[in-house]
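Model the placement of chain B on the given structure of chain A, informed by the hints.
Each chain, letter by letter, is given below.
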Amino acid sequence: MRRFSWFNATSLTFGFAFLYLPMLMLIIYSFNESRLVTVWAGFSTKWYGELMQNEAFLDAAWVTIKVAFWSSTLATILGTMAAYIMVRAGRFRGRGLFSGMIYAPLVMPEVITGLSLLLFFIAVDVDRGILTIVLAHTTFAMCYVSVVVTSRLVSFDNSLEEAALDLGCTPFDAFRSVTLPIIMPAVISGWLLAFTLSLDDLVIATFTSGPSSTTLPIKIFSAVRLGVTPEINALSTIMILLVTVGVISASLISRSLAIKAKADERKAEQQ
Amino acid sequence: MAQPNTNVVFAPWDDPAAKPIIQFKNVTKRFGEFTAIDNLTLDIYPQEFFALLGPSGCGKTTLMRMLGGFESPTEGQILLDGVDIGPVPPNERPVNMMFQSYALFPHLSVWDNIAFGLKRSNMPKDQIGDRVEKMLKLTQLGKFAKRKPHQISGGQRQRVALARSLAKAPKLLLLDEPLGALDKKLRNETQFELMDIQETTGTTFVIVTHDQEEAMTVASRVAIMVDGSLAQVSTPDQIYEAPNSTYVADFIGDVNLIEGKAAAAKGGMDVHWGDHQPPIHITTDKPLPAGAHCHFAIRPEKVSISATTPKAANVVKGTILDIAYLGNISTYHVEIASGVIFKAQTTNSKRLSRRTFTWEDEVYLSWTDTAGVVLSE
Chain A
1 MRRFSWFNAT
11 SLTFGFAFLY
21 LPMLMLIIYS
31 FNESRLVTVW
41 AGFSTKWYGE
51 LMQNEAFLDA
61 AWVTIKVAFW
71 SSTLATILGT
81 MAAYIMVRAG
91 RFRGRGLFSG
101 MIYAPLVMPE
111 VITGLSLLLF
121 FIAVDVDRGI
131 LTIVLAHTTF
141 AMCYVSVVVT
151 SRLVSFDNSL
161 EEAALDLGCT
171 PFDAFRSVTL
181 PIIMPAVISG
191 WLLAFTLSLD
201 DLVIATFTSG
211 PSSTTLPIKI
221 FSAVRLGVTP
231 EINALSTIMI
241 LLVTVGVISA
251 SLISRSLAIK
261 AKADERKAEQ
271 Q
Chain B
1 MAQPNTNVVF
11 APWDDPAAKP
21 IIQFKNVTKR
31 FGEFTAIDNL
41 TLDIYPQEFF
51 ALLGPSGCGK
61 TTLMRMLGGF
71 ESPTEGQILL
81 DGVDIGPVPP
91 NERPVNMMFQ
101 SYALFPHLSV
111 WDNIAFGLKR
121 SNMPKDQIGD
131 RVEKMLKLTQ
141 LGKFAKRKPH
151 QISGGQRQRV
161 ALARSLAKAP
171 KLLLLDEPLG
181 ALDKKLRNET
191 QFELMDIQET
201 TGTTFVIVTH
211 DQEEAMTVAS
221 RVAIMVDGSL
231 AQVSTPDQIY
241 EAPNSTYVAD
251 FIGDVNLIEG
261 KAAAAKGGMD
271 VHWGDHQPPI
281 HITTDKPLPA
291 GAHCHFAIRP
301 EKVSISATTP
311 KAANVVKGTI
321 LDIAYLGNIS
331 TYHVEIASGV
341 IFKAQTTNSK
351 RLSRRTFTWE
361 DEVYLSWTDT
371 AGVVLSE
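Those sequence lines, one after another, are chains A and B.
At position 221 of the first sequence the residue is numbered 221 (full-length UniProt numbering), and the sequence of numbers has no breaks.
At position 326 of the second sequence the residue is numbered 326 (full-length UniProt numbering), and the sequence of numbers has no breaks.
Heads up, some of the hints might be wrong.
[To be verified] For lysine-lysine, the following PhoX-like pairs were computed, each having C-alpha atoms within a straight-line distance of at most 20 angstroms:
#, chain 1, residue 1, chain 2, residue 2
1, B, LYS146, A, LYS262
2, B, LYS286, B, LYS350
3, B, LYS148, A, LYS262
[Stated by the list, open to error] Stretch-level coverage of chain A by chain B, calculated; a stretch enters the list once three of its residues show a Cβ under 8 angstroms from a Cβ in chain B:
#, region
4, 148 to 160
5, 163 to 169
6, 178 to 187
Treat the hints as calculated values from the structure; they're not laboratory data.
In this text, a Cβ means the ideal position worked out from N, Cα and C, and glycines have one as well.
Chain A with its partners taken away, still in its complex shape (with noise of 0.2 angstroms):
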């Protein structure tokens, strides 16, 4: 152990309180008594349950659960497949002309992508609504997805795909059955990803969107140009709270994974 030292207990309160402490107020705040968000009025839950009778708010949240979902499922499968093809295709002329394109929208800043699709969507004549917004996301964490998926088919061993195919398998079925549960942690954390970026997202959203199809950071941030109210802060708390149980518990599994293949590995070279 190292012995304690005021210089790192310092760095580190400051390090946490920098990270944490405005994320504390916002939470603090929800629990006011008062309509003012910057004065302690005594603790109350009243806004939760006023945020539960805003229909808005519930209507914009069940928009952006939506699009997420669908905006990371296609998301999934299609970086899944770019991923895929990347690394096995093998070296062709062009080869880092095609991946650059994959991974170009990363670093794309995103009123560009938004524009970019915007007008895309105006001269296709498409009404923007739910669609555009799930297609929008589905463009740019799509790349994201195909990084978390590449990175992992890299270290994967060929010979088990040659394996499958010796064994009977089509090219498909050695995929399906084989490779895809295997790296399939990968594609579960790509489509977290995309789910969570499709969630935070504001800019393409806002470019992408129809009047009928609000999404929770939208909402959020236009009400706050007319003022911040309790009601907020309680709906960020929630998603706070929603976040930190996910991480958490997605930590806590894959840890317990770990220890258990550990000691298969322990237990099979004690034979």
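Coordinates of chain B only, in the frame set by chain A:
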């Protein structure tokens, strides 16, 4: 099982009526500029245990991958039972492969790994179970059927890989360095297991290895490959005792190679070498023409070492430089007057309380007129 008549030697390669199961016909494989296999022709017969032996990069793995269907020949044909299998994809070939890394499916149990190929054949469901049980019994894996590959040891994984590749009863089984990942003791045991299984199932095995001891132990015939071509294809004893080139002689085991010139002699030939050295007498019915440049090759264990002049066809005198004691045998490095170093091996059949010879001793090396071979290339 009917015992085959032990007087009949299994040697279909000497029988002109025997039909090969695999025929390579002038096969060439190029990867870009690089020629991995160079105009290779080879027949492999049913029930053979055929070993492809060579240094890394000699093309032995490419040859095997072409049999498995993972590479296709640039030129030439590969026939299986007389049918060209060039255009047949791996999943439609009656050939299975055991991979060097074993390539066990980590998400499936041992049982499901073995059943994997059967489920993709048109075998009825109830027979699959029986077949898997049979394979588990053959490879003594019954206890581990429900385990996942990472829950068993390396030797057990190797057996699962073997069981999985044998489950579909392929016409031809390909083994790519099957024992490379095992330690020496386990490897030796497993070699004999492999031979037993090959004999029990009657499957034709083609094994790729860089371990010559392994190839010599398991194989009915060994092909020595070098730079995409076959240097020699023959039985292990022929490869060892009658190599056809200095490359093969040097590649397999230990050998003394002496450069010299052929000369005619009664009943055979002589090889003149070194200044002031007696010519080496060889009895052979195929002497090289007089004056031809050649190499005399003799294995160290065929060279005797003694303190007094022995009575033998060939005797040379030298000084012991080095002694390598390996437990069961000792190898002596003896410098002969002309500066050539000879290796002589003796079996340590008695306990070594006192060495007969020691460093710097003057000794005589001798061998008979049939102990070595003369190689023209």
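Hint by hint, here is what the structure shows:
no.: 1; hint: B:LYS146 <-> A:LYS262; verdict: 18 angstroms, holds
no.: 2; hint: B:LYS286 <-> B:LYS350; verdict: 39 angstroms, violated
no.: 3; hint: B:LYS148 <-> A:LYS262; verdict: 13 angstroms, holds
no.: 4; hint: 148 to 160; verdict: holds (count 3)
no.: 5; hint: 163 to 169; verdict: holds (count 7)
no.: 6; hint: 178 to 187; verdict: holds (count 3)
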